[in-house]
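Visitor: Can you make the complete structure from the sequences, with help from the hints?
Residue numbers (the UniProt record's numbering), protein chains in the order written: chain A, 1 to 387; chain B, 1 to 387; chain C, 1 to 359; chain D, 1 to 359.
Worth flagging that the hints you see were computed from the coordinates, not collected in a lab.
Hints may contain errors.
To spell it out: a stretch of chain C is covered by chain A in this simulated footprint if at least three of its residues, at any positions, have a beta carbon under 8 Å from a beta carbon of chain A; those stretches are [what the hints assert, rightly or not]:
1. 256-268
2. 316-324
3. 347-353
None of these values were measured; they are calculated from a predicted model.
Glycine included, each C-beta is placed from N, C-alpha and C at the ideal position.
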Amino acid sequence: MPDTLEDFRAEIAEWIAENLPGELRGQPRNEDTICWGGRNWKFRSEAQKDWLERCHARGLTCPRWPVDYGGGGMSRDEEKTLRAEMARAGAPSPLDSFGIWMLGPALLKFGTDEQKAEHLPEITAGRIRWCQGYSEPGAGSDLANVQTRAEDMGDHWLVNGQKIWTSYADKADKIFALVRTDRDAPKHLGISFMLIDMETPGVTTRPIRLISGASPFCETFFDNVKVPKEGAIVGEMNRGWDVAKYLLTHEREMIGGGSGGLTTGATLSEMIGDMDMVAGADPVIRAQAMELEVDSLAFGLTMERYKDMAESGAGVGHASAMLKYYGTELNKRRQEIIMSARGSEALDWGEGLAAPWLRSKANSIEGGTSEVMLDIISKRVLELPSK
Amino acid sequence: MPDTLEDFRAEIAEWIAENLPGELRGQPRNEDTICWGGRNWKFRSEAQKDWLERCHARGLTCPRWPVDYGGGGMSRDEEKTLRAEMARAGAPSPLDSFGIWMLGPALLKFGTDEQKAEHLPEITAGRIRWCQGYSEPGAGSDLANVQTRAEDMGDHWLVNGQKIWTSYADKADKIFALVRTDRDAPKHLGISFMLIDMETPGVTTRPIRLISGASPFCETFFDNVKVPKEGAIVGEMNRGWDVAKYLLTHEREMIGGGSGGLTTGATLSEMIGDMDMVAGADPVIRAQAMELEVDSLAFGLTMERYKDMAESGAGVGHASAMLKYYGTELNKRRQEIIMSARGSEALDWGEGLAAPWLRSKANSIEGGTSEVMLDIISKRVLELPSK
Amino acid sequence: MLRDAARGFLDENAPVSALRANRDAGQAFDPGLWREMAQMGWAGVLIGEDHGGADMGHRAAGILAEEMGRTLAASPFLSSAVIAASALRAAGSDRLGQIAEGAALYALAVDEGPKHAPDLTAMEARPEGNGFRLKGRKVFVADGASADRVLVLACSGEGDEGLTLFDIDAGRAGLSRKGADSIDARDFATLEFEDVEATGEDVVGEVGGGLAALAPGLRAGQAALAAELSGLSAGISAVTLGYLKERKQFDRTIGSFQALQHRAAHLFAEIEVTASAVAHAGRVLDHEPENAQLAVSLAKARATQTAKLAVMEGVQMHGGIGMTDDYDAGFFMKRARVGAEWLGDYGHHAAIVAAARRL
Amino acid sequence: MLRDAARGFLDENAPVSALRANRDAGQAFDPGLWREMAQMGWAGVLIGEDHGGADMGHRAAGILAEEMGRTLAASPFLSSAVIAASALRAAGSDRLGQIAEGAALYALAVDEGPKHAPDLTAMEARPEGNGFRLKGRKVFVADGASADRVLVLACSGEGDEGLTLFDIDAGRAGLSRKGADSIDARDFATLEFEDVEATGEDVVGEVGGGLAALAPGLRAGQAALAAELSGLSAGISAVTLGYLKERKQFDRTIGSFQALQHRAAHLFAEIEVTASAVAHAGRVLDHEPENAQLAVSLAKARATQTAKLAVMEGVQMHGGIGMTDDYDAGFFMKRARVGAEWLGDYGHHAAIVAAARRL
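Guide: Dropping the structure here:
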C-alpha cells in the first residue's frame, strides 16, 4: 500500500497511462461501448477485453471489495482518487453490472463465506452477469407485494411466478430475486432473497417494448423452476425484505444521480441549438429553458454536496430520496423543453429526440416513484405524522 | 305582470331611466359607494338613500323574493333581464348585504312563517344588517367543529364562545351563527343555526388586522349572552349543519365568481403598464403574463359556461368547487405577476399594489380552502374512493 | 346528440386499438373508416348544402374533433374536411363537392422550419408565362403523403403581400413526397417542389393574397385541432380515473391517496377550463369568423397545455404499465406532442392572445 | 460553529417579534442590536484584519445572512458589512475600519427605475472644476434614509465606460432622502440629488470605471441576499412544519394529509437545492471572485423562487391564521418579495445564468 493518497494517485495515474488501450481513451459511454461481461458476453474489441482483464488483475473492477474476491481492497479516499484519475485519463469503466452495483454489496453484508467465495470472484472478473428480479405485475411501487412463490421440496425450492422490469434478463446468466417462502406470514415477512441460474429449465424471458421503443426490460417467467437449496438464499430465510431494502438505496442513488445511467453529456444549449433559430422570439420556451438551466445547475451542486456529505460520513439518510425525486423530474422537464424547442423536426423517430423524451417519463417511476419518494421525505425526513 | 320578457325589459328600462339619480350612474363599485344598510347606516348621499327606497318600493333589492316580504316576485329570466338593464344603465346595486345573499335564502328554505315575516322585510328594506358567524378559532376548514355553545335555560339560550372571520361584525345589527346545542351528539349533529341580536349584552367584537392591512373581518365574542328562545333557531334544532351546508354553496359562488367581490375591472395589461418599460426584455415575466392571460380568458369563459349550465337547469353541482379553486388560484397568480412586473415601485404601501397582492392570498383560504375544494372535486365529482 | 352519435360510432369503429393496428400495419389511417365518416356527413360538416355538405358549422366540427381526440381516431378529417374545406369554401372553389363526398383528400403544406410561421414563407413561386413555378421544401405536412391535392403557400412577390396560396394536384410533375416516421404513427410528410408548374387556375383567392386565403382554413384547423386535444385530454383522463379506481397498492385503491386525488382534481379543472375555450372558439367561428383569431388561439394554447398535463399525469399515475407499448397511454402522449406543434405551438398562440390583449 | 453561534444569538436577540416591534415603533432596525453584531465581528466579516475586520470570507457572511433570514433579523449588515465593505475593500478605501466597527452605515444607491439595471444608469455626474455635480434620482435605496454615507453610481461620460461610483457623505448639500413606506418595514428610500458636489476623492475606483468598482460589492450583496432568502425559506418552512405537526382538523393532524405532505416534501427539495447554490456562491466568491457572477446569479435566482414558494405554502398551509397580522407568516412573505426585487430579480439573474450557458 502506498504511504499517502498522493503516492497512490501518482501510482494509479502511471498504471492507467501504461495499461489503458489508446482506442478506448475518451470514448463516449453508451450501449455500444459498455462492457457488461457474462458467460455469453461478446467483447466489442480486443481492447475492451484487455482493459477488463488488466483492471480485474489490478483489483479495479470493484475497488473497495476485498482483495480475496478479486477486489482492490481500497479505502473510500483511494476509490475517489481512482475515479478522478480514470476520469482525467478518459478511461471507460472496465465493467458494469448489477453484480457490482447490487448483488455484491448484498453478499458482502448478508452473504455467507461460501456465497461470497462462490459469487464475488465471478462478478469482479466479469464472468457472470446478474439481473435483478423484484417487481411483479400488479405490484408496482408496493415491492413487498411478492406473489412469486418458492415451495420447499426438501432438497430444492420449486419456484413459480412472474417478474417484470428485469433489465437485461434475456442477456443475464443469473438472477437475484425476491420470492415468497412463507405464504402465511405478514406481507413484509415471508419473503426471501434467492439466487437462481437463468439457465435452469422453466425460466423464460420476454422483452418489454416501451412507448419509447425497444428496451432492456424483460418479463421473466418461472414455471416449476427447481432451485437447489444449497446457498440459494441470501441473508435469513423469510427476511429477504431486509436485503431488498438495503439494496433499494443503491438503486435509487444510481437512477437519481445518473452515475450508472447513460447520459450524452450534452448541455441544454447544445440540445436546443440556436434558440433564436428554433424558438424565435418565443418567451415561453426561452423562459422555460432559463428556469431549467438554473434548476439543473443548482441540482448538480446539490448532488455534489450530498456526495460530499455522504463521503465525509455525515450521512444523508432518507434525504437521498430527494435526489431521486428532483433529478428525475428535472430530466422530464429537460426532455419536454428540448422537444418543444426543436418543434416539428423532433417528432420524427429518426431525429433521435423522441425516444429519450418518452423514455424519460419512466425516470420518475422506476426505482421508486416520485410519489413514493415524496412519501419517504415527508415521513422520514420531515417526520410528518401519519394520523 | 307584463306579458313577455321584452315588455318587461322595456318597462324596467323606463323605470330605471326615471328613477336612477344621475350622480349614481356609472359610479365605480367600492367600499365608498356600496350601500350595506342597517340600523346605524349612514347614507353616502341623498341619492343613495333615494335609490334604495325607490328600488325597495319596486321590489328590486331582492328581485326573486316574494312580494309579501318586499321582494320583486320575479322569475329567473326576469331577474336576468333586470340585471342586464341595470348594468346597461350603469346603475349601482341599491343594497348589498349578507341578509340578501345568505340569511334570506336560508329563511326562505328553512324558516317558519313567523321568522320570514319578522326578518325578510327588514332585509329587503335595508333596515337590518346581518353578519355571519360560522368559523371559530382552531376550527379552520372544519366548520362543523363548533365549540360555541348554547345552553338551554328554559326561556332563553345562554351562549358562550367565540367566532372568527365574521365580516363587518362591528357594523352589523344581528348575526346568524352556528352554535352547539347538544354537546353529546356526533360532530355534525348537535349544531343549531341561531339568530342573535348584536346589541344583546355580552356580545363584543374586535377587528382583525390582516397581513395586507385593515380588514372587515372581526372576532366576535359571546360572554353569557341571553338569547330569547322565540324564533331563535332556523330549521330544525340540532340540524343547523343542513342550513349551513346549503348556504356554503352560495358563499363559494360569491367568492369564486367575484359577483359580490370588489374588482377594479382593470385588465392585466393596464395593471402592468408597458411591459417593455417595466419588465424590459425579461422573458420570464412576459411568459408568465401571457400564460396568465390565456388562463384568465379561458376561466372567464368557464364562468359563463357554468352560469349558462346552472341557468338552463342542467345543474353544475359540486363542480362549482372547481370555479372557487381555479378562480382564486388564478387571482393569486395575477397579483404575483403584477407585483413582479412593477418591481420595486410596488413594494411601497402607498402604490396600492401590495395590499391587494397580500389580500389575494386569503382567496384560496376563505369560503373553503383550495384543499377542501380539491377534496370535493375528487370525491364528489370524480368519485374517487376514500379507501 | 351529435356528440352521442359520434361517440357511439367512434367507440365501436375507431378505438385506440384501431390506431395501434394502423401503426403496426404501417398505414396512417383506415380508408374504410373514412368512407363511413363521409357517409355520416362528417367530411362535409363545413361545406354548404349546395355542394352536398351537411353545413353543421364549426362548433359541430369541434364536437366531432373532440370525440375523435377521445379515442385518437385517425382520419383525414382535419386536413380535408376542416382546413381545406374552410379555405376553399371562402374562395368559392368548385372542389368542395369532392371533399364533402370524402373523395378528395387534401393536405396543407405551409411550414418550412421546425415552427409554424406562415408569414415567414420562403418557398418560391416564380412567375413564368401565364403561371408560376414552385420551388422549395415544405415540412410537417399532415396527410402529405396520402393526399390527392395539396394547398401550398409560396412567395410570388415581395413582403407579406407577396404570398399566394395554390391548390395543386399531388401527382404533378416535380413534386416528390417523403413520409416521416412520425411518433404518432400518422402521415406527416416532407414535400419537395422542383419547379412544379402552377397556373392561375390553381390560385386560391387572389395572387398576393395567400395569407388571407389561408386564414379561414388555418383558423378552422386550429380550432378543430384544439378540440381534438381537448377530447384527447378528456380521453386519457377518463382512462386514468378508471385506473385510479381499480388499481390497488399497499392494500388501498390508489385513487384514495389524497396526493393523487388533488392532482386528478386539478387536472379536471384544467380540462373544464379548456373545454370552455374550445366551445367558445367554435361558436365565434360560426358567428363572427372575421374576429375569431383570438378565440381560436386561446383554445389552441389552452388545449396544448392541458393535453400535455393530462398525458403526463396519465403515464405517471399508471406507473410502469403506462410506459409499456402494450398500454394505450403512450399513444395519447405522442399524439398530444404532435398536436402541440401542428398549426402553431403554445407560444405562437399565446403570443396572439397577448397581443390582442395589449400585453 | 459560526452557524450555531449566530443562531443562538439571533433566536434570543432578533426573533421575528423584534422585527414586529421595530415596525410598530416605526424604526428600520435596532441600533443596539447592530452594535452587538459589530462587537461579534459581523460588521467586519469581509474586512481584512489590518482594518480591524474578522476577514471570515463570503461563505461565512452567507451563513450569517442565512441565519438572519431565518428570523428576519433587521440590520444594516447587507448594505454596510457586505456591499459597501466589498466594494470599498477592492478599491482600497480607508473607511473600512469604520465599517468594521459598525460605526459607518452605508447605503448603495444604484437603481433608478422599478428594476435593477446598473448599466442603464442615467443619473448625471457633470464634470465641474476639479470635481462633479450629481443630479438625478435613485430609488429603492436600502438603508438609504438611515445611512451615514452613500455609494452612488452616476454617468460621468458616454456609454458603459462613462459610469463612475462615488462614496459621499449622506449629509452633503443638495442630497435629500425620503423613506419609503416599505412593505417589509425596513428602510428603503428615494434619494434626490440636486447638484450635489463630489470631488475626485469621492470616486471609488477609477473615473469611468464605476461598473467595475461596483461589481465586487454587487456580487457580494447578491450572494448574501440569496443566503438571506435561503434562510428565510428554511425559517418559514420550519414554522409551517411545526404547525402541520400540531394543528388538528377533521380529527386528524393536518400534517397527515398526503396532499400537504407531498407539497411539504417538494418544498424541502427546493430548499435543499437552493442551499447548495447559496453555499457554492459563497465558496466561489472566496476562491475565484472574478469568475463568481454565474454562481452568484444562480444562487440569487434560485433563492428568489424558493422563497416565493416557501412563503406561499406557508400562508396557505396555515390557513386563515396565517393571514392575520398577529401571526409571523406575513412578515416572511413581505421580506421575500422585497428580497426578490432587490439587487436584481429572478429574470435578471436567470438571464445571466442563461447567457453564461449559451442559452
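Visitor: Hint by hint, which ones does the structure fall short of?
Guide: none
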